[in-house]
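*Asks:* Going by full-length UniProt numbering, the first residue of the sequence shown is number 1, and it counts up by one from there.
Derived by calculation from the structure, the hints in this document are not laboratory data.
With a straight-line cut-off of 30 Å between C-alpha atoms, the simulated BS3-like cross-links for lysine-lysine are:
| hint | residue 1 | residue 2 |
| --- | --- | --- |
| 1 | K43 | K111 |
| 2 | K248 | K226 |
| 3 | K43 | K248 |
| 4 | K214 | K226 |
| 5 | K111 | K80 |
| 6 | K254 | K83 |
| 7 | K248 | K214 |
| 8 | K188 | K226 |
| 9 | K254 | K43 |
| 10 | K83 | K111 |
| 11 | K80 | K248 |
| 12 | K226 | K111 |
| 13 | K226 | K80 |
| 14 | K43 | K188 |
| 15 | K43 | K83 |
| 16 | K188 | K80 |
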Amino acid sequence: MREVLKIFKIGGGIIDDAAQLNQFLAALAQVPGRKVLVHGGGKGASQMLQDLGIAPQMVQGRRITDAATLDVVTMFYAGKTNKQVVAGLQARGVNALGLSGADGNVIRATKRPVREIDYGFVGDLDEHSINADLLQQLLDAGLMPVFCAITHDGQGQLLNTNADTIASSLARALASFYEVELHFCFEKDGVLADINDETSIIPQITPGQYQELKTSGVIAAGMVPKLDNAFAALDAGVERVVIENALKINEPVKTILCRS
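Take the sequences, apply the hints, and build the full model.
*Replies:* Printed below as a string of structure tokens:
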């Protein structure tokens, strides 16, 4: 039986709240076995841009990253945020190692081509982007990689890459070495059957059930892209995907997506 690897992704809601971030890191430190953390940037980067007189630009929740914005988000994501998370884990006895994609050439991205929208210095990933061998070495050495949302193109250019995409790509690449669980952690306790009822958690969803829930409109539109990516990860060899509350990762309440 292969060893389990748990990959956790947290978003800006947790990053923006110091108390909640500390609560999450304390819970994460209690999770046994090998694990990886991927974090987004939160609203702090937008605030820093505004403080510097740079207007943040967002299209459908994705950041337009021109050269000035890239400088700021690199400082905020790969610097301040990443190192605060790593320091918080070290304080709790977890030997964490903060990484951008450029470190060790661990995640190499391709600059997104200009189509209807020019996203600027935004990186896309493919099946060759992840240096899974290096990650296995780091995990074997007892380290916990902590990734920010900054990658590189191998030619000296840093790129801003969606944190959900990074987490999914890591899970797929490492599925050949481990039994991978991909955990998307946010403010809800799981996928809700009734958006107005916080207790209506759907405990398990198979691909067939997912199609029924989408067709019937039970799953809210905002959750569909995340779940589409989650089931794509399952198709690519990830063992299971967990949708859960970032503050309750060691509690049984959650939604588990599985192949069958």
